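8 protein chains.
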Amino acid sequence: GFAHLDHHRALRTGFPEVIWGPGKTVEQIAQIMATMRLHSSVVMATRIEPQVYAQLQYRVPGLHYYQAARISAIAPVNLQPQYPGTIGLLSAGTADLSVAEEAAVTAELCGFRVMRLWDVGVAGIHRLLSYRQAIAQMDVLIVVAGMEGALPSVVAGLVDSPVIAVPTSIGYGASFGGLAPLLTMLNSCAAGIGVVNIDNGFGAAILAGQILRT
Amino acid sequence: GFAHLDHHRALRTGFPEVIWGPGKTVEQIAQIMATMRLHSSVVMATRIEPQVYAQLQYRVPGLHYYQAARISAIAPVNLQPQYPGTIGLLSAGTADLSVAEEAAVTAELCGFRVMRLWDVGVAGIHRLLSYRQAIAQMDVLIVVAGMEGALPSVVAGLVDSPVIAVPTSIGYGASFGGLAPLLTMLNSCAAGIGVVNIDNGFGAAILAGQILRT
Amino acid sequence: GFAHLDHHRALRTGFPEVIWGPGKTVEQIAQIMATMRLHSSVVMATRIEPQVYAQLQYRVPGLHYYQAARISAIAPVNLQPQYPGTIGLLSAGTADLSVAEEAAVTAELCGFRVMRLWDVGVAGIHRLLSYRQAIAQMDVLIVVAGMEGALPSVVAGLVDSPVIAVPTSIGYGASFGGLAPLLTMLNSCAAGIGVVNIDNGFGAAILAGQILRT
Amino acid sequence: GFAHLDHHRALRTGFPEVIWGPGKTVEQIAQIMATMRLHSSVVMATRIEPQVYAQLQYRVPGLHYYQAARISAIAPVNLQPQYPGTIGLLSAGTADLSVAEEAAVTAELCGFRVMRLWDVGVAGIHRLLSYRQAIAQMDVLIVVAGMEGALPSVVAGLVDSPVIAVPTSIGYGASFGGLAPLLTMLNSCAAGIGVVNIDNGFGAAILAGQILRT
Amino acid sequence: GFAHLDHHRALRTGFPEVIWGPGKTVEQIAQIMATMRLHSSVVMATRIEPQVYAQLQYRVPGLHYYQAARISAIAPVNLQPQYPGTIGLLSAGTADLSVAEEAAVTAELCGFRVMRLWDVGVAGIHRLLSYRQAIAQMDVLIVVAGMEGALPSVVAGLVDSPVIAVPTSIGYGASFGGLAPLLTMLNSCAAGIGVVNIDNGFGAAILAGQILRT
Amino acid sequence: GFAHLDHHRALRTGFPEVIWGPGKTVEQIAQIMATMRLHSSVVMATRIEPQVYAQLQYRVPGLHYYQAARISAIAPVNLQPQYPGTIGLLSAGTADLSVAEEAAVTAELCGFRVMRLWDVGVAGIHRLLSYRQAIAQMDVLIVVAGMEGALPSVVAGLVDSPVIAVPTSIGYGASFGGLAPLLTMLNSCAAGIGVVNIDNGFGAAILAGQILRT
Amino acid sequence: GFAHLDHHRALRTGFPEVIWGPGKTVEQIAQIMATMRLHSSVVMATRIEPQVYAQLQYRVPGLHYYQAARISAIAPVNLQPQYPGTIGLLSAGTADLSVAEEAAVTAELCGFRVMRLWDVGVAGIHRLLSYRQAIAQMDVLIVVAGMEGALPSVVAGLVDSPVIAVPTSIGYGASFGGLAPLLTMLNSCAAGIGVVNIDNGFGAAILAGQILRT
Amino acid sequence: GFAHLDHHRALRTGFPEVIWGPGKTVEQIAQIMATMRLHSSVVMATRIEPQVYAQLQYRVPGLHYYQAARISAIAPVNLQPQYPGTIGLLSAGTADLSVAEEAAVTAELCGFRVMRLWDVGVAGIHRLLSYRQAIAQMDVLIVVAGMEGALPSVVAGLVDSPVIAVPTSIGYGASFGGLAPLLTMLNSCAAGIGVVNIDNGFGAAILAGQILRT
Ligand SMILES: Nc1ncnc2c1ncn2[C@@H]1O[C@H](COP(=O)(O)O)[C@@H](O)[C@H]1O
Ligand SMILES: Nc1ncnc2c1ncn2[C@@H]1O[C@H](COP(=O)(O)O)[C@@H](O)[C@H]1O
Ligand SMILES: Nc1ncnc2c1ncn2[C@@H]1O[C@H](COP(=O)(O)O)[C@@H](O)[C@H]1O
Ligand SMILES: Nc1ncnc2c1ncn2[C@@H]1O[C@H](COP(=O)(O)O)[C@@H](O)[C@H]1O
Ligand SMILES: [Mg+2]
Ligand SMILES: [Mg+2]
Ligand SMILES: [Mg+2]
Ligand SMILES: [Mg+2]
Ligand SMILES: [Mg+2]
Ligand SMILES: [Mg+2]
Ligand SMILES: [Mg+2]
Ligand SMILES: [Mg+2]
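Residue numbers (the working numbering), protein chains in the order written: chain A, 1 to 214; chain B, 1 to 214; chain C, 1 to 214; chain D, 1 to 214; chain E, 1 to 214; chain F, 1 to 214; chain G, 1 to 214; chain H, 1 to 214.
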């Protein structure tokens, strides 16, 4: 076959391989899902556009679509958190939603509890500060921000839990496709921040999960 | 002569030409200062290292040195603000001091009142918030920050006066000589921010002065 | 809801939140506009393509479209300047028009008087110089330029009012999406220039407004 | 004073502020250390060159120097781990040593247990694989690598604990000061990696500490 | 004519000129192929999309399409290796397939024997190691990888044959169109690697062929 | 020998090879000069620092030093223009002097007449305009500028002769070593400009010479 | 009107303003052409796609389309060279044709004689060398090349006339939209080369014309 | 110890580990050499400055210094080629010498025969063409070039052996530390070129050796 699945990964790293949708045909995704579900109760694919799901649903029985997250998955009904702890998920602007939801849904499908706080960017700092107590109680934080990407710096100065920063490609001009928030997050004057790739909500969720299971 | 002084600039733009120190010999600076003082009561040069001043002071009578700002100037004793209004000058970290002082001293030499607030970076947001009222009363703000450069975004969300953002080259690694805070400031999700070149405290002061005289 | 409106912003910063169109559905924009008009007499959205307005007009009563500016807004009939002073708006080429109009219409909707001077780029410097007197009377200047972006430097050397420089993505090849005029403006040998993001006519207008209200 | 210490940070984030050496005079560092030791039993400064320590030791009683880490600190004799868990610290090449030691010593001074594995880069993969079992038992891993920075990807595929990747500026030519390993780490095909700034051993240790205390 | 064919190239460099498809009309490609087949038994064009082939096949008799490789060629039936030695072709992920196949098919059409190993990326290093013996027997290796591009470094540490590294544009965010794996490969800590342009499977095959004929 | 002199170049291109000083020992430069003077009446080396000349003058009889241009040359006494026409040489700021003089002295040593106009940058456009008539009479123009590099655009709009633009590395921050003026000049909205490398006064002079001999 | 035509430009610089097509509606182009033809016998617009011309021809009487050059113009029948001298136009590959033709047609419409040599790239250096004599007789050369852009360096070493180098965006991967050949041309080890913007065939022709009229 | 030597590498890859000098103390280099000579008859270190060798020679018996190559090595007297075939080594300019010699000496120390051709850059193409026959007889070519780096493209079009291209950091301005020739080589229109890192003469020699032993 065209793919060399890594079924041992679940054993080795604690998470199943997840399908990266872009560049794969509907047929290929369906086939990989069929193979994967033999080994795993949760099977998921990211970056699935609505029109891809529209075709995929007829080929893969029991498939669900999380539209805001662009994730398509087969998962048990009434999926419940399997691990203790909560991931706090913050996003700076409404436009960062799809990346933030990619992180949220990935985390939930992997068995973690998530608390969402959307649209709390630094240009109106009172919005963030009004949630200060809730944020301080999270066990790990994922902070999603585009444009100038300043939110993780402010958050990391408020809490004593690890912060995972996700730059997004939301912005224009001198954002250079997310380079601006990426550099912002890497240069944060607040220590305790780990950065993932631009728009990589998925990777942030996996890292948060690994932290919670530590 | 090697320089083509622009004495009309004072008439046209309201500020005298200022000497840019780097790349000029002590002899050249002294000579330009001698010519300039015939036309202006305040004569100043920026980016003057201590060892340059050490030699310059014997050649230029009445010369003063503002060490933290690396500015050398001839100015009337008891220089007083000549314009109404106050420039609020904020800096994020102690390392940004010399750029912030370049802005402060330039503004003072040009006849403006300055209020300084150093070391109020976003990683400890309570420091900034404790000065919130003072900041809100400024007529124009200059915000100096290196590393991730997030301070102007937060400040601009708190006030209704214009904010001039000065990125500094303070930082390392993915700061790329100040590129990171420069991009942060240009992409700010808070509107009402004008950005100047990396480390350009001088230019920020001139712009603030032009705003106050509007 | 998906958005966390910042109604206090008008009180804090003097300007209402404005909707950034790209990436939002017609439905979302209509909904946010409905909420906003409860708090503000002027409601506006930027970067609205004609086909988006074509649908939006049926959902939002009293909506107007400023085509050249790509702005859609609800505004009182016979909107008059509410603040003293005039913003001089210069653009270098005809292709910079939509960014320049974004600045102009934003400023007018926010209550400021605007004087437009289009297509006065530096390759034919006499065009600019013929307006020299008019330009010198403006209280603040917004200068929009793509390609090499040299216009703000020349303008700032002619006047004693603050200059806001807006680089545009107009150009090709080594323009790198507006990077060239952005760097030009940041490195200007004329002091007194504040730069905003590439194509950010909106931000320039807000900054100009804040300067006029100083 | 020139610095605005953030003593509450220990309470808020669980770690004391740490002095960043570059750009500060010996006198300034000594003074900040004197103030800090009133609030904290451990006082530390990073990026301290041997010649700086040589002068500093006479001004700050009880000061120790960790040469490989370029850290200078006042710390209790017989400092013992105060938290459960172990940080596994891997470095790819001998040249990455000072960054890796900055991480190791910071972690130890903050009360964490560290296991060091130096010089296990991917060009001789058997070196890494021979420690596979030891690595799998770590609670969190810090992986330091310059040049092409591939080590974190391989490590993250072997373990189920969180991996903190530290790119270093070790390299030449197309390394562009550490940009190459930074991009490598951000684009890792293995999920579960959080990246910090180039050469930021300190930040990696703080993040690892926050993970262990989760 | 619009093209200046270099028929001597076969004599000079041992390989015929190959048609680069993008930017050429179907008519132009057909015409160049007609001219080329007068001089060469194998005629090939790269980067041919399926819809281009769909039209081309009616104009060029005996034309074949290698879909995964996006190559269209006229070649003898039962094409057999003409040179001794084998090229080992490894790819890191399923998404790198089309670049890897461009290399494989080019090599086969030029008369070389190829062994394919797909989807053996470093995040699951056991996949690569399980083929260790086969890899060590290859005479030259082409290693194709996108995202972080770490595979060639690991491979080059395992073998004593030359390694040709092909970065691909597969990835997103800080991959910057393949810049990330390109830098990774250039900075490899393992010596003995020659790098070709991003996505240049064709060039890698030609280089491998030249090595085998040495 | 270590150098492979290209004596035919004078015949082919009309100019002798010129020695590039950096990275060569005094001994090597002296030796190359000795060889060159056998074939040419003018022998020159660029980028020669004063201390290099100080040693070189004792080894090379008849050697002259043009300090501002950092050029060292053997040339006939009373060197006169050998070609008709005049090269107009403009520079934007005093700091661009050494690059502008490199162009001027190279042109003069190659037999061309030069008219110098220093320090006529765009921030004080009246300085340039006051020389308008003189500039319009030049046969070819070399325009040297650092910082934002806008001068060539303005000049090219004023004249009908070819303009050679030389960006300099003079500037700081977002100048990125001369990248800013380089991009400015390449993107000029005025046509008729040819750009040379950053600080390449030498190359500009050669190109101007070739134009005059056309 | 929306455009501020610069009719004096013809008088000042010797060439009429030329319309830049992209971003203009058919209606706008037609209108500007109507105005321009009142002042000039030749009216031209560049970057006109076939479908734009298809509409434009009905609105602008006497309009011609030069397809390979993507230029649309009104020009006298039997346009003859008006100036002495010949422009040699070389291109490296067939894909560079449209840029090279933009230069050729612009030059011809402006009254210059052009000799075309297509597809003489450096990978088959004998093609170039076979035209050596013809090239040496040109008065000025325009050399168009994409990919690695090496052709101008070789050409400039063969001739004593000025060389105008035009990098094109033809290429892929590490070409970065033409950055690679642009840098190549700027760094040429052969002096006497002036570089224009990526794909700027138009600007090269204007510069060549200005050189020929010198 | 601080280093984790990879003695198996010789067995695995056919070449011993080689010491990278920069960042290591004389003491460290001497110690590693002592250990290495127990396993290998040839021990070598690259990037050794003369002053480092001056100290090293007293600590390491039998140590030789290859000044132009900046290599220090212990090698048998009368080292003879151990492998069939010849590596042709070409360099474009005299300034590229140290990189070219690094390649040459490495290859010779590893047992290969080398033919050197220095200073045959493309600006005087006849120099290269005069060696055409010799070049065509080489089994593999290493081509070293800085500035615009065009030499490998021309060479690869002349021969049917593999070409290894080495960009150097020789150049200035828009060379950006060797980025320009690196991009040139990666984008070569001639196939059959493998590129190594900027200034990586060592890596080129190892690759050439691996090709010769294929
Ligand atoms: N610190 C500074 N940053 C930016 N521009 C400056 C600074 N100091 C002086 N200048 C500008 O540099 C110009 C003088 O340059 P120069 O003629 O080289 O001395 C003045 O017109 C100032 O506008
Ligand atoms: N897939 C490819 N990647 C890189 N170069 C190619 C590819 N296919 C063809 N070429 C080269 O492109 C040249 C042909 O370009 P053209 O004359 O535009 O068809 C040939 O000499 C090949 O060396
Ligand atoms: N200032 C300069 N800028 C650019 N190129 C130069 C300069 N001076 C000399 N050259 C060129 O460098 C070449 C000599 O290099 P080299 O053989 O290293 O001395 C000559 O052919 C000149 O074309
Ligand atoms: N193909 C082209 N490349 C570069 N500049 C051009 C081109 N075509 C027209 N121009 C320039 O663009 C200007 C017209 O721009 P616009 O006013 O937007 O039509 C003219 O003054 C020309 O100098
Ligand atoms: Mg919002
Ligand atoms: Mg602080
Ligand atoms: Mg125009
Ligand atoms: Mg090692
Ligand atoms: Mg896979
Ligand atoms: Mg000046
Ligand atoms: Mg061709
Ligand atoms: Mg030479």
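Misleading hints may appear alongside valid ones.
As the list claims (entries may be wrong) - Among chain F residues calculated to face chain H with C-beta under 8 Å, some are:
id, residue
1, Gly23
2, Val26
3, Gly178
4, Leu182
5, Asn197
6, Asp199
7, Asn200
As the list claims (entries may be wrong) - Where chain F lies over chain B, by a calculated footprint (3+ residues, C-beta under 8 Å):
id, stretch
8, 168-182
9, 194-208
Source of the hints: derived by calculation from the structure; they are not laboratory data. The structure presented is a predicted model; accordingly, all values stated were derived computationally and were not measured. A virtual CB, placed ideally from N, CA and C, is assigned to each residue, including glycine.
To see whether the hints hold, each was checked on the structure:
1. The beta carbon of Gly23 of chain F comes within 5 Å of a beta carbon in chain H, closer than 8 Å, and the hint placing it at the interface holds.
2. Because the closest C-beta pair between Val26 of chain F and chain H is about 15 Å apart, greater than 8 Å, the hint is violated.
3. Using the Cβ-Cβ criterion of 8 Å, the hint placing Gly178 of chain F at the interface with chain H is satisfied: the shortest such distance is roughly 6 Å.
4. Interface restraint check: Leu182 of chain F against chain H, minimum CB-CB distance 6 Å, threshold 8 Å, status holds.
5. Hint status for Asn197 of chain F: holds, given a least beta-carbon distance of 4 Å to chain H, under 8 Å.
6. Satisfaction of the interface hint for Asp199 of chain F is found here, the shortest Cβ-Cβ separation to chain H being roughly 5 Å, below the 8 Å cut-off.
7. The restraint placing Asn200 of chain F at the interface with chain H holds, with a minimum CB-CB distance near 6 Å, inside the 8 Å limit.
8. Counting residues of the stretch 168-182 of chain B whose beta carbon lies closer than 8 Å to any beta carbon of chain F gives 5, which reaches the threshold of three, so the coverage claim holds.
9. Note: the stretch 194-208 of chain B has 4 residues with beta-carbon separation from chain F under 8 Å; the three-residue rule is met and the coverage holds.
Hint 2 alone, counting from the list given before, is not met by this structure.
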